[in-house]
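Given next are the chains, with one letter for each unit.
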Amino acid sequence: MKWYVVKRLLMIIPVLLGVSVIAFALIHTAPGDPARVMAGEHASQQVIDAITEKYGLDKPLYVQYGIWLKSAIHGDLGKSIISNEKVSTEIFDRFPATIELTIFAMLFAIVVGILAGVISASKQYSAADYASMTVALFGVSMPVFWLGIILVMIFGVWLGWLPIGGRIDTAFVVGDFRRITGFMIMDSAIQINSGAMIDSIKHLILPAIALGTIPMAMIARITRSSMLEILRQDFIRTERAKGLSERVVIYKHALKNAMIPIITVIGLNFGLLLAGAILTETVFSWPGVGRYVVKAVLQRDYPAVQGCLLVFAFVFVVVNLATDLIYAYIDPRIHYE
Amino acid sequence: MNNNTNKKNNNTNKNKIKRETKLQELKRRLFANKSATLGLAVLVLFVICAIFAPLLAPNDPLKVDLSNSLKPGFWSDEGVEGMPLGTDYHGRCILSRILYGTRISLSVGLIAVGIALLFGIPIGVAAGYYGGWVDSVLMRIADIMFAFPALLLAIVIVACIGYGLDKTMIALGIVYTPQMARIIRSSVLYIKGMEYIEAEHAIGSSNSRIILHHVLPNSVAPIIVYSTLTLATAILDCAALGFLGLGAQPPSPEWGAILSNSRHFIVCKAWWAATFPGLAILFSVLGLNLLGDGLRDILDPRLKT
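In order, the protein sequences belong to chains B and X.
Heads up, the first sequence is in my numbering, so the first residue is 26 and it goes up one at a time.
Heads up, the second sequence is in my numbering, so the first residue is -5 and it goes up one at a time.
These aren't lab readings, by the way, just hints derived from the structure by calculation.
Please note that the accuracy of each hint is not assured.
[As the list claims (entries may be wrong)] Think about it this way: if two alpha-carbon atoms lie no more than 25 Å apart in a straight line, the pair counts; the simulated DSS-like pairs of lysine-lysine are:
# : chain 1 : residue 1 : chain 2 : residue 2
1 : B       : K111      : B       : K95
2 : X       : K28       : B       : K148
3 : X       : K28       : B       : K227
4 : B       : K148      : B       : K227
[What the hints assert, rightly or not] Which residues of chain X face chain B? A partial, calculated answer using Cβ under 7 Å:
#  : residue
5  : E72
6  : G76
7  : P78
8  : V131
9  : M133
10 : V150
11 : L276
Quantities reported herein were computed from a predicted structural model and do not represent experimental measurements.
Glycine residues also receive a C-beta, built at the ideal position from the N, C-alpha and C atoms.
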């Protein structure tokens, strides 16, 4: 196990290097002089010269890559062409919003998905089974952005129950509400501001459901099939024969044994959530990294695109690594070469 | 158990009645699978819409008429004659736009999957069949591409090569290539270990002969299954890029682009403009997923997870 962890950790180094090559290549595939691309269309000759100097753009490509990689590792991702702010600061400011959204989406997906899957499996071929599997089937084919629009339409516009975009009402932002961690719910809890807390939760509900629906559907399907397999095994029959209540048999013993494939699917979906966040944030005007990257691409803000690419890929690789390690930990039968 | 009885039935059928060809067998088993049949029906419906869009569409999908802006459809008295699903902000017929959009989505999807197959098959076969350093190099490159969420990679490729429908096809094709290559590689690895391949080697067949006559024909099943499922993903991703403004550009009636334009008017209660294009996406993807899952159960039980 110890060697497996070390090996997997070492394996992500070449992947991350490859990722950095792709991000580096981005600037050079863009039409025109890279210095001008990085400085923006309206930059003065002085600025362009400074950038050429800083990134060694008159030197051979591999030297340029070395200089760029070194500064990227030190957290210097260049400056945004549009705002002239540091890209690292801009991403860092928006990151908590994306994380908050993905965590809530995943919570929704795990709770609803596992529950629906367990109910389906324990009452196979019942109306509840067909209903939840139909919902799951529609869920996996759902265009996230369209679901978001429909949710906004029903709960925001028609019923008026929930806000249609943003993270918190502007009334709280102009007041004495301060940003501490960047996580709205945590910030309002620290400042003991219940109004802000309720408002930020309200803002989270619709985007979290929109983003969480596809993973919810996938988790429901895998939970059902995994549970069905376990429920047919002998030890379940023994437990029922011992007279354990159905609730204990299903939720304590069967679910525990059915967890391995479920955890794999959860891990795989965390990455998909990052991609889904790009769309969900656009629908809900959610000020996160996903919306930032789309804006950056539309405005041809190459340093910003490059920075987002590195950050997204890094998070994705780390989450995949964590999934693999958890997988190996909970199922010692699995031996890796 | 079920499988065994099926096999028995197959055998008795084969002995008693005339032998059925592979295609006939596929057809019989496909129609025996209810959800796959449903998926096929949905797909056929969409293909018909795509081919006959000019005949089926009641109006010109690009004709702007601002006096008819955001009019409801058949369910309301305020609707306009001949626009059954209402109009968008520019007064264009939504039904006609969706019908023409079928052409765009299906062709983008098919070409993207085609590109993925064009590169994925040789890469997968080379990696699986020859193994060794070829395999290591190709699969490490695939690993790097897997380090990006698929949609993000597509967005970034579009950022490099520019926006538009043709660029969408290329970007999606590149994104799906490593996945396709992996599927084909694993199928080739499985076939390579079979005894009849060993026998081919023993009688002195060349590698190219073994690949063309044995390995590829036996990999057709996973290729068909995975292409169907990738087509579904491609339709979703094409709509997503269109929605973000990075794919099809206005006034193209691409489904995602229609949604991105219509979503601003749901506040004016014009729900129809944003609802129907999304339903078109949902049902085409659903149909392809049903068909793909069904084909997987029929053709390649090994892939079932």
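With the threshold set at 25 Å, check whether the alpha-carbon distance from K111 of chain B to K95 of chain B stays at or below it.
Since the Cα atoms of K111 of chain B and K95 of chain B sit roughly 16 Å apart, the hinted pair holds (cutoff 25 Å).
With a cut-off of 25 Å on the C-alpha distance, tell me whether K28 of chain X and K148 of chain B pass.
OK: K28 of chain X and K148 of chain B at ~22 Å, within 25 Å.
Could you grab the alpha-carbon distance between K28 of chain X and K227 of chain B and see if it respects the 25 Å cut-off?
The hint is violated at about 42 Å.
Using the nearest Cβ pair, does P78 of chain X come within less than 7 Å of chain B?
Nearest chain B Cβ about 20 Å off; hint violated.
Does the nearest C-beta of chain B fall within a distance shorter than 7 Å of the C-beta of E72 of chain X?
violated, 18 Å
Are G76 of chain X and chain B close enough, Cβ to Cβ, to be under 7 Å, as the hint says?
violated, 26 Å
Could you check if M133 of chain X really has its C-beta closer than 7 Å to a C-beta on chain B?
With a closest approach of 11 Å, the M133 of chain X hint is violated.
Evaluation of the interface hint that places L276 of chain X against chain B, nearest CB under 7 Å:
holds, 6 Å
Against the 25 Å threshold, does the CA-CA distance of K148 of chain B and K227 of chain B hold or violate the hint?
violated, 34 Å
Interface hint outcome for V131 of chain X [beta carbon to chain B under 7 Å]:
The hint is violated - V131 of chain X has no Cβ within 7 Å of chain B, the shortest such distance being about 11 Å.
Given a cut of 7 Å on the nearest C-beta pair, is the interface hint for V150 of chain X held or broken against chain B?
holds, 6 Å
Violated hints for the displayed structure, listed by number in ascending order: 3, 4, 5, 6, 7, 8, 9.
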